[in-house]
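The residues making up each chain are set out below.
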Amino acid sequence: MTLTHLASPVTVNWGITARCNFVCSHCFSRLDQAPELSTEDALRVIDILAEHSVMFLNYGTGEPLLRKDLFELTAHATGKGLKVTMNSNGSLIDEAAADRIRDAGFHGVGISIDSADPATHDAFRRMPGSFDKAVRAARLLRERGVPLSISSVICKINHTGFPELVTLALELGAHTIDLHNFKCSGMGGLNKDQLDLSPEEWKAFYERAVPMRETVHDIEIAFDDPILSLLGAEDKAALVAGSVCGKLSLYVKPDGEVTPCGFIPVTIGHILKDDFGQMWESSPVLDHLRHKSATGKCSGCSKFSACLGGCTARALAVYGSYEAPDPHCWVEEGKG
Amino acid sequence: MRPERNPAIVWRLEKKIYDEAWEAARNDEEDFDDKGVLTLMLKGGIHQLNLVGAEIWTRVDGQRDDAAIAAEMAELFGWEPEETVEAVRAFLEGIASRGWITLS
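As given, the protein sequences belong to chains A and B, one line each in that order.
Mapping of the first sequence onto my numbering: residues 1 to 336, in sequence order.
Mapping of the second sequence onto my numbering: residues 1 to 104, in sequence order.
Keep in mind that the hints were calculated from the coordinates and are not lab data.
Just so you know, these numbers come straight off a predicted model, no measurement behind them.
Among these hints, one or two may not hold up.
Distance condition first, Cα-Cα at most 16 Å in a straight line; then the derived EDC-like pairs of lysine to aspartate or glutamate [unchecked claim]:
1. A:K273 to A:E72
2. B:K43 to A:D224
3. A:K133 to A:D94
4. B:K43 to A:D94
5. B:K43 to A:E171
6. A:K133 to A:D117
7. B:K16 to A:E51
8. A:K156 to A:E201
9. B:K15 to A:E51
10. A:K83 to A:D103
11. A:K303 to A:E333
12. A:K297 to A:E332
13. A:K156 to A:D132
14. A:K80 to A:D47
15. A:K297 to A:E333
16. A:K83 to A:E72
17. A:K68 to A:E51
18. A:K83 to A:D47
19. B:K43 to A:D47
20. B:K16 to A:D224
21. A:K273 to A:D287
Let the hints inform the model, and build the full structure from the sequences given.
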């Protein structure tokens, strides 16, 4: 039995800054340079999340280490019982920064590496030397016992070379490799034709990658893609159908505006101006995501109850509708 | 046996639903144990426990053994003690097999 949503988000992804020292080809936030909250306001955000029993706080969007008060905010959050993680490009993690990350009590750090081939990674991240810096950051964190994950965006550059990425992540001592599906939001939307895979390519990728979860040990291979249910590979422990956005998680932009996820640019309120609990429980947008109707080829598809039409962010970006079928879906009309 | 939680698990009690489940239990409603009142995460997997599971889980502290937990559960729910010991053991062995606790 699945639920529409929990009493409050399990995870809040927080863009604590939109600033970044990289200009990646797929970045969802580069085109939306929202101002960031002051330290005082950011501390209030943490208080609100803790009051609502949010379990995980994940910094992302820009490069978190560009925020001078990162460790002050993290200490406050961990003191309130939140498990704090962050996604970083790794370029600013030297020995001193790694020490501070360890001491701040981060629950984990995700380092972005998109290819095991340094030149391919550097070209995708548009930053020469970025692969070496990411690998160095990963090693420094592991040397200090900081739980490490490797974060990769699957797209044209790596959809066939991902086994080498898994091998690299294992060698770096990561507990998880997150093989994120490409989202056509922000720069990703502008570069969609060069980077996104066809539905058939997505199918081929998942048909190779999903079985690796059974054959590769000592590392978790994570996908977080609702269309996995098309392969009968959905998480058997899934509490909610379809995407987790607005059901188990929310996104807070650098300026405090709240959206269902970072890839859905639809504001449902402001974390410091609106009641967080009411927003979560009563937002018409979230209600829409939690009770999607089958349209187009999803109508009559046997998988719809599990995938709920797949990724809403992709449907919205490509077709302008929450309810449109996921453009990555490879099921032909009438055959699902 | 003395159960201990896997320290990698992050969990929370869903307070409002917990209160609702207890209200249903006190009113002898049959579906009181259908509600997920405790959410836990391990390795990216998310799971929920019902009221009985949650009451056992919150007593797994590395101090109490299975008999002590069963005795408290029997009193809490008004169950027959011997049957409760068996049920608690079965539950603990079940979640131990999933890696949520260790049994020593």
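Hint-by-hint comparison with the structure:
For the given pair, K273 of chain A sits about 23 Å from E72 of chain A by alpha-carbon distance, which is inconsistent with the 16 Å threshold. Proximity of K43 of chain B to D224 of chain A is assessed by CA-CA distance (about 13 Å); at most 16 Å being required, the pair is judged to hold. Distance check on the hinted pair: K133 of chain A and D94 of chain A sit about 9 Å apart at the alpha-carbon level, within 16 Å; holds. Taking the CA atoms of K43 of chain B and D94 of chain A, the gap is about 27 Å. The hint is violated against a cut of 16 Å.
The suggested pairing of K43 of chain B with E171 of chain A is violated, with an alpha-carbon distance near 19 Å, which exceeds 16 Å. A hinted pair counts as satisfied when its Cα atoms are at most 16 Å apart, and K133 of chain A with D117 of chain A qualifies at roughly 13 Å. With a C-alpha separation of about 13 Å, the suggested pair K16 of chain B and E51 of chain A falls inside the 16 Å cut-off, and the hint holds. Taking the CA atoms of K156 of chain A and E201 of chain A, the gap is near 9 Å; set against the 16 Å cutoff, the hint holds.
As the CA atoms of K15 of chain B and E51 of chain A are separated by approximately 12 Å, the hinted pair is consistent with the 16 Å bound. Restraint check for K83 of chain A and D103 of chain A: the C-alpha separation of about 14 Å stays at or below 16 Å, so the hint holds. Using a Cα cut-off of 16 Å, the hinted pair K303 of chain A and E333 of chain A holds, with the two alpha carbons roughly 12 Å apart. Using a Cα cut-off of 16 Å, the hinted pair K297 of chain A and E332 of chain A holds, with the two alpha carbons roughly 7 Å apart.
Among the hinted pairs, K156 of chain A with D132 of chain A is inconsistent with the structure: their alpha-carbon atoms are about 22 Å apart, more than 16 Å. In summary, the hint linking K80 of chain A to D47 of chain A is supported, as the alpha carbons are separated by about 8 Å, within the 16 Å threshold. Note on K297 of chain A and E333 of chain A: the hinted pairing holds, with a Cα-Cα distance of about 5 Å set against a maximum of 16 Å. In summary, the hint linking K83 of chain A to E72 of chain A is supported, as the alpha carbons are separated by about 15 Å, within the 16 Å threshold.
A threshold of 16 Å between alpha carbons decides the hint, and for K68 of chain A with E51 of chain A the separation of about 25 Å lies outside it, so the pair is violated. A C-alpha spacing of about 13 Å is found between K83 of chain A and D47 of chain A, which places the hinted pair at or below 16 Å, so the restraint holds. Annotation: proposed proximity of K43 of chain B to D47 of chain A is violated, straight-line Cα distance about 26 Å (limit 16 Å). Among the hinted pairs, K16 of chain B with D224 of chain A is inconsistent with the structure: their alpha-carbon atoms are about 28 Å apart, more than 16 Å.
Proposed proximity of K273 of chain A and D287 of chain A is contradicted: the alpha carbons are some 20 Å apart, above 16 Å.
Going through the hint list in order, the structure does not satisfy hints 1, 4, 5, 13, 17, 19, 20, 21.
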